[in-house]
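**Student:** Residue strings, one per chain:
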Amino acid sequence: MLDAFVGGLILVFQWKSFLYLLLGAGIGFWVGILPGLGGATTLALMMPFIYKMTPQEALPFLLGMHSVVQTTGDITSILFGIPGEATTVATIVDGYPMAKKGEAGRAIGAALMSSLIGAVFGAMFLAISIPIVRPLVLAFGSPEMLMVILLGLTCISSLSGQDRRGLLLGLLSGGIGLLCSLVGQDRQAGILRFTFDSLYLWNGLPVIPVLVGLFAVPEIVDLAVRGTAIAGDVPSGKLGKGVMQGVRDTFTHFWLTVRCSLVGSLIGILPGLGGGVAQWMSYAHATQSAKTVEEQEGFGQGDIRGVLGPGAANNSKEGAGLIPTVAFGIPASSGMAILLGAFFLLGLVPGPEMLTKHLTLTFSMVWTIVVANIIIVLVSFLFINHIAALTTIRGKLLIPFILLLTFIGAYTSTNHIGDLITVLSFGCVGYFMVRFNWPRPPFILGFILGELAETYLYVSTSRYGWDWLYRPKVIVIFLLAVAVAVYPFIQRKRLQKGESSDEI
Amino acid sequence: MKFNGGAAMGLFVAGISLAVVITAAGWPFKTALFPVAIGVPVFLMALTEFLINLTGKGEGVGDAAGFDFKLSDGDGDSRTALFRTLRIFGWIFGFFVLILLVGFPIAIPIFFLSFFKIYGKESWKLSIGLSAVAWASFYGLFVWLLNVPFREGWVFSLLFIF
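Going down the list, the sequences are from chains Z and Y.
Position 373 of the first sequence, counted from 1, bears residue number 373 in the numbering used here, the numbering being contiguous throughout.
Position 17 of the second sequence, counted from 1, bears residue number 17 in the numbering used here, the numbering being contiguous throughout.
Careful: at least some of the hints might be erroneous.
Stated by the list, open to error - Sample of chain Y residues at the chain Z side, in silico, Cβ under 7 angstroms: (1) Met9; (2) Thr31; (3) Phe34; (4) Ala81; (5) Arg84; (6) Phe112; (7) Pro149.
For the record, the hints were derived by calculation from the structure and aren't laboratory data.
All residues carry an ideal CB built from backbone N, CA and C; glycine is no exception.
Between the sequences and the hints, there should be enough to build the whole structure, so can you do that?
**Tutor:** Okay, here's the thing in structure tokens:
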């Protein structure tokens, strides 16, 4: 095992493999920055180039690209409030307010460093899990997966604000997200639901245009109303100075970063849940780290922990996502499904063979994720001052570029004019939600989890009737979900009690 | 009784969720189960939100609602904010209509140039320069390098027919 582990590292640093890794990471860097053009799409675009490559060349190329997309996706989320990736939305919630306060450098520094820690954690998680992963993944049937989704949805209470009214608005927002996830062809009976005779809606509302519209359009409107640069009147020289502060923040909150990496890895290992869920769950966990009511209310206004948690989680889930892909041929996400296609093209068959005959190659994937992320984070640090300075450009000059990124990012989702209509529609929805204090994060969680929840509910009831409710693992996860839902209220009470006793 | 924007939003969502439940009632059980299970609680919650706003009990407590930013107030003047909001929405929809009419490659320079000149009141030199940068970046990356298929505008489709 140790031989294969070291052999994997040596394999990555063979000059040809390393060159392809650099090339892949370079492409991933730009893909992450451009909104909409996701890691999965780019993997698909790059597939024709690997036909003549060996596995030792193709895997560093593809994986190097795919594993850094989340890292640089955070940069766009922080600077412009536009999700660079569907899996970098949660970074906006605190990252963008930090950019508005002139702390773009600090936010990016923290996002990059936490991403690096997350990536290393995920890769180590993969390395350690390889021998023991089989029983873990196979232990989760559709009822347990449904309960994990319920666990994700209970994060709504953590993302909804601090009182009963906040919870009402959060649940409503999550409910609308779930309703939006109903659009499209029903998977069980093939009945078209709310498609309004449009072929475009048969597959449901595409995620990227919905996310981009919901988050980018209100930010553009706000930028126009303020009439200033994103960073207000903060001098450009101050922006980059916080970079090292952001790095220090990562280590100040090191255990939070590690815990959020663990959340990302555990979600990443479960097929189908994806990075969006991992990010929101880790954000919810980060909010629970508040020690005072004031601190708790600071989330959403630019708390560094709101950047660290999602930053770590969306990278750690990449390494973990390889586990079911490599060990069982079950892709954990759409990106992993495409990577699985690449495996077959290269003559590799996922399964026990990858953990025995090709173990060195499997470990080289672990190292590829680590090395690619280290390189990209170092390169990003070199340019961080210039990147952060974008937030000082006058709003009137920046708005058309942000709008173009928004439209192009959405359009490249399915290359259909419907993508633009979706952006505008959800842009209006997002604007009204912000205007009337309806939180948007629960909407995203509901929208992402709706389709999965329905599928697992149907499969569970079809296969086990209602008996699945009594499965021990289901009960354990359900109790955990109840604890997660109730915790914010207990925490709030505890914090208020603590503060009032301090005053006495 | 006060019918404000928040009440309207609650009423709108209640209407949508009610429509979902009514529509789902005509579907087979396995198709309707999830929409009804979601639609009914959303309807009840939206109705509660509507009533809270209508009775005026909701004022001031919305600030507790979560991790999201607050919209700016346009130099402290709500009329200015409203005017600027409508104006920027006009530009956003204008860009969309332009794309529909002439397609992305032509819409981009037209939109950028007019935005910088009319909205931004920038100089011709800067407006033309930035428009060129935007078009070149778009064309170089998405058309030339990535071969993303962009639809041609309605105007050209009609010209082609005739």
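**Student:** Hint by hint, say whether it matches the structure.
**Tutor:** Going down the list of hints, with the structure as the test:
no.: 1; hint: Met9; verdict: 5 angstroms, holds
no.: 2; hint: Thr31; verdict: 5 angstroms, holds
no.: 3; hint: Phe34; verdict: 4 angstroms, holds
no.: 4; hint: Ala81; verdict: 5 angstroms, holds
no.: 5; hint: Arg84; verdict: 5 angstroms, holds
no.: 6; hint: Phe112; verdict: 5 angstroms, holds
no.: 7; hint: Pro149; verdict: 6 angstroms, holds
Violation of the numbered hints given earlier is absent; every hint is satisfied by the structure.
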